[in-house]
Amino acid sequence: MNASFFHPADGDGTGVFGRFGGQYVPEALVAAIDELTVAYDKARADEDFAAELTALLADYAGRPTPLTEVPRFAEAIGARVFLKREDLNHTGSHKLNNALGQALLARRMGKPRIIAETGAGQHGVATATACALLGLDCTVYMGTVDIERQALNVARMRILGTEVVPVSTGAGTLKDAINEAFRDWVSTVDSTHYLFGTAAGPHPFPTIVRDFQRVVGVEAREQILRRTGQLPDAVLACVGGGSNAIGVFHPFLDDAATRLIGCEAAGDGVETGRHSATLAGGRVGVLHGSRSYVLQDNDGQTLETHSISAGLDYAGVGPEHAHLRDSGRAEYVPVTDDEAMAALRLLARTEGIIPAIESSHALAGAVKLGAELGEVVLINLSGRGDKDMDTAASYFDLVGE
Amino acid sequence: MFSGDKKTVVGYLPAGFPTVDDSVEALVAMAESGCGALEIGLPYTDPVMDGPAIQSASTVALANGVKTDDVLRVVERVAARTEVPILVMTYWNPVEQYGIERFADRLCEAGGAGCVLPDLPVQHSLPWREEAAKRYLASVFIVAPSSTDRRVAEIAAASTGFVYAASTMGVTGMRTQVTGGDLVARIRTATDLPVFVGLGVSNGRQAAEVAGFADGVIVGSAIVRRLLDAPDVDTGIAEIRVLCGELADGVGALVGSP
Numbered sequence: 010m011n012a013s014f015f016h017p018a019d020g021d022g023t024g025v026f027g028r029f030g031g032q033y034v035p036e037a038l039v040a041a042i043d044e045l046t047v048a049y050d051k052a053r054a055d056e057d058f059a060a061e062l063t064a065l066l067a068d069y070a071g072r073p074t075p076l077t078e079v080p081r082f083a084e085a086i087g088a089r090v091f092l093k094r095e096d097l098n099h100t101g102s103h104k105l106n107n108a109l110g111q112a113l114l115a116r117r118m119g120k121p122r123i124i125a126e127t128g129a130g131q132h133g134v135a136t137a138t139a140c141a142l143l144g145l146d147c148t149v150y151m152g153t154v155d156i157e158r159q160a161l162n163v164a165r166m167r168i169l170g171t172e173v174v175p176v177s178t179g180a181g182t183l184k185d186a187i188n189e190a191f192r193d194w195v196s197t198v199d200s201t202h203y204l205f206g207t208a209a210g211p212h213p214f215p216t217i218v219r220d221f222q223r224v225v226g227v228e229a230r231e232q233i234l235r236r237t238g239q240l241p242d243a244v245l246a247c248v249g250g251g252s253n254a255i256g257v258f259h260p261f262l263d264d265a266a267t268r269l270i271g272c273e274a275a276g277d278g279v280e281t282g283r284h285s286a287t288l289a290g291g292r293v294g295v296l297h298g299s300r301s302y303v304l305q306d307n308d309g310q311t312l313e314t315h316s317i318s319a320g321l322d323y324a325g326v327g328p329e330h331a332h333l334r335d336s337g338r339a340e341y342v343p344v345t346d347d348e349a350m351a352a353l354r355l356l357a358r359t360e361g362i363i364p365a366i367e368s369s370h371a372l373a374g375a376v377k378l379g380a381e382l383g384e385v386v387l388i389n390l391s392g393r394g395d396k397d398m399d400t401a402a403s404y405f406d407l408v409g410e
Numbered sequence: 017m018f019s020g021d022k023k024t025v026v027g028y029l030p031a032g033f034p035t036v037d038d039s040v041e042a043l044v045a046m047a048e049s050g051c052g053a054l055e056i057g058l059p060y061t062d063p064v065m066d067g068p069a070i071q072s073a074s075t076v077a078l079a080n081g082v083k084t085d086d087v088l089r090v091v092e093r094v095a096a097r098t099e100v101p102i103l104v105m106t107y108w109n110p111v112e113q114y115g116i117e118r119f120a121d122r123l124c125e126a127g128g129a130g131c132v133l134p135d136l137p138v139q140h141s142l143p144w145r146e147e148a149a150k151r152y153l154a155s156v157f158i159v160a161p162s163s164t165d166r167r168v169a170e171i172a173a174a175s176t177g178f179v180y181a182a183s184t185m186g187v188t189g190m191r192t193q194v195t196g197g198d199l200v201a202r203i204r205t206a207t208d209l210p211v212f213v214g215l216g217v218s219n220g221r222q223a224a225e226v227a228g229f230a231d232g233v234i235v236g237s238a239i240v241r242r243l244l245d246a247p248d249v250d251t252g253i254a255e256i257r258v259l260c261g262e263l264a265d266g267v268g269a270l271v272g273s274p
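Protein sequences, first through last, are from chains A and B. Residue 10 is where the first sequence starts when you use our numbering, and the numbers rise one by one after that. Residue 17 is where the second sequence starts when you use our numbering, and the numbers rise one by one after that.
Bear in mind the hints are in silico, worked out from the structure with no lab data behind them. Think of the CB as a built atom: it goes at the ideal place given N, C-alpha and C, for glycine as much as any other residue. Incorrect hints may have been included.
Coverage of chain A stretches by chain B, computed from C-beta distances (three or more under 8 Å per stretch; other residues unrestricted) [as the list claims (entries may be wrong)]:
#1 23 to 37
#2 178 to 192
#3 292 to 299
#4 379 to 385
Label pairs and their computed distance ranges (CB to CB) [to be verified]:
#5 B/A79 with A/A164: 32 to 42 Å
#6 A/F405 with B/D121: 49 to 59 Å
#7 A/Y404 with B/T164: 28 to 38 Å
#8 A/R338 with B/E48: 37 to 47 Å
#9 A/F405 with B/D85: 24 to 34 Å
#10 A/Y404 with B/G127: 48 to 58 Å
#11 A/T281 with B/R118: 25 to 35 Å
#12 A/K51 with B/D165: 57 to 67 Å
#13 B/R191 with A/G282: 33 to 43 Å
#14 B/T164 with A/A141: 46 to 56 Å
#15 A/A164 with B/A169: 44 to 54 Å
The following block holds chain A by itself, in its conformation from the complex (with noise of 0.2 Å):
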């Protein structure tokens, strides 16, 4: 067999998703990002890249990932519900694709140092990963709060031999991260490529990260129609910057009678203001190097955002999110930290799984739209939630006897 797992999709290279995207970055990052662009167009069509990744995704990550029916959890639907184990995935997120896409095509640009930003850990994780694996020095920015709450997948990363570069500015959170990776990216450009995570940021990012995951959604379609000998009715996943929705939604764009919904972080809920739900409290603007939904204040300032899951806490989205909102071709629905807690201990208890908290929003998505879903439903599970215990052991009050 030599299908690949790498599935760039067609066509659209201008970094335009409807009116939204564009590169919004400063003249010193101009010349990269065409450098970026031009390279990743070469090996989007380059069988040889196509082939060593796959072979990496095979061998080292383990894909294809499995999908699990997961009947005991279902009770709570009222459905057929499938997970797809982007938590089996090496690393333990989806996370893993785009940073090994992403770590080959800085070597073949010959960029000897990586950087990244980082909220939950995950991208992080899977940066320092594949840097290791590839012998790419590599520099991982994350905010002071995430490093508190996240401290296992700290520790990880600093094991894989990177440095984690606190950043205490704002909030201490994945934008502030961001911010001070563009910082390191403006001086060492020449030989530093920003590995970034999500499907946001300036063209070409939205783009490469989108079809680096594109691999997840490609496989739950045919393993789904395998199994339920149908398409799935709904696919559900968290929205944060949006890279695991992006790659499980985008294959099945044509496919008009699946649903495809996006859990957003509610936080203490959207009312409170107190959450990170961009698409469902935002306004168009302009963050990190492109067009979309921002939560911002009426002067265009960036707001302080809240989840309890790091890796949904940021106030932009990434701009294919934003059209597809507005095409109508997805919807985005809002969760709070205590629906996607109880979505947590639910497949805990049912299924044997311990979610990430990101993923739990999927999950509790899920369980809140119930049975108007239809008869298959598929859901990103788009880590494990082993980085999370300790999040979970004072929000459940398990610490101690």
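Got chain A; can you put chain B on it based on the hints?
Quick look at chain B alone, frame taken from chain A:
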């Protein structure tokens, strides 16, 4: 806006730092002590082109509750007390959210001369440039050492007022060495506009070096640092006066020299 035969010091300070009133006094002092133009910063939450000094100042200003309207009032108050051209330097989202036309109108009414927008690349700049041109506001674009010759030409063609040459690849902040001669030479092949050099310039000696090949210097972090490090605002403003005097002497020392 700027004549080619006189070297210019452009001084930068964010509006609202350390307070709205103090920023007005500091900016007026900068104009009085040697700055031939002012860049008034409109603080933004996510300033990816700024190093620690300007980030800190912007954070203070935002924490003080400074709004875009307050910044425009600072422009107006400073413009009432000095003749030097005043540019607003900010990131794109605050301008877009305020409304491009409305922002250009208010800036014009306040006596502003134009904008520097470091994360608005020339290919996305037409909506701003159209509104700016209608009101004779300058659109200053930054050229980086990494800019290709084709981009240098595009940026130079889109710029009005002057062209901002980034001395180095990096964010704002003081540096021990300032370069940029090669980039300035490349820009000069594309335009007759004055070329000012920014990023890293912090003292009179560096200003003199830069004035040897450019038409002016842009100084921000060194000015901000005077206020950040001073025990009180009056001392900080006094030190800014000394610094701006040194910078003006530095660039002036080369005026008319062979």
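- Message: To test your reading of the hints: which numbers does this structure violate?
- Response: 4, 7, 8, 9, 12, 14
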